[in-house]
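Asker: One-letter residues, chain by chain:
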Amino acid sequence: NAGVTQTPKFQVLKTGQSMTLQCAQDMNHEYMSWYRQDPGMGLRLIHYSVGAGITDQGEVPNGYNVSRSTTEDFPLRLLSAAPSQTSVYFCASGGSRRDEKLFFGSGTQLSVL
Amino acid sequence: AQTVTQSQPEMSVQEAETVTLSCTYDTSESDYYLFWYKQPPSRQMILVIRQEAYKQQNATENRFSVNFQKAAKSFSLKISDSQLGDAAMYFCAYLNQAGTALIFGKGTTLSVSS
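Protein chains in written order, with my numbering: chain A, 1 to 113; chain B, 1001 to 1114.
Read the hints as simulated data drawn from the structure, not as lab findings. Each residue gets a CB set at the ideal place from its N, CA and C atoms; glycine is no exception. There could be a bad hint or two in this list.
[To be verified] Here's a subset of chain A near chain B, in silico, CB distances under 8 Å, partners left out:
| no. | residue |
| --- | --- |
| 1 | 30 |
| 2 | 101 |
| 3 | 106 |
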């Protein structure tokens, strides 16, 4: 049981480049989400999904796109990377019950030069 | 909008001693969950303890316990018999009533000395 798998673990981009952070889970979770973690800021919600075909914005959605075509996958797209998007990105998934814990991926360290 | 505040950026404790990490939150919802997560240098997010707002009894998990004061919107974490492995960043988090957003505080870095 792999849990939540994020790829890549590290990425360096130049300003203006695009890329997709991948997230996959094998627990049949309906809920998936993306967070970014910046020093001194904690984790902030970017986008989330409550099922295939359903996505919504979190606290800091600007500059990011998401889609959810399958239950398993929830990719995060940066269309035109900016230095302000340098951060550690976490994907998380959870079951339908609110008292269940979220399962986090191991994170992606992204640097935009 | 809900907010979570951790007023202690850094805390320190000696092995075997007890330490309390503070957390306050603001919400107009009546039904929600609160969590404490631990993040060691490996970046892994580890659930430490959870509390349902409707439960008056404070949650306990081995050496970890909370002091949940709903009226004061306070949710502190007490770590007893501190161990070197407890050194990490600790995040307080609020799960909204819809269950769609986990809102984190900025974190408290805990160091443990021998």
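Asker: Give a verdict on every hint.
Answerer: Status of each hint after checking the structure:
Contact between residue 30 of chain A and chain B, as hinted, is not supported at the beta carbon level, the nearest pair being about 10 Å apart and thus beyond 8 Å. The restraint placing residue 101 of chain A at the interface with chain B holds, with a minimum CB-CB distance near 4 Å, inside the 8 Å limit. Interface restraint check: residue 106 of chain A against chain B, minimum CB-CB distance 7 Å, threshold 8 Å, status holds.
This entry does not satisfy hint 1, going by the numbered hints stated previously; all others are met.
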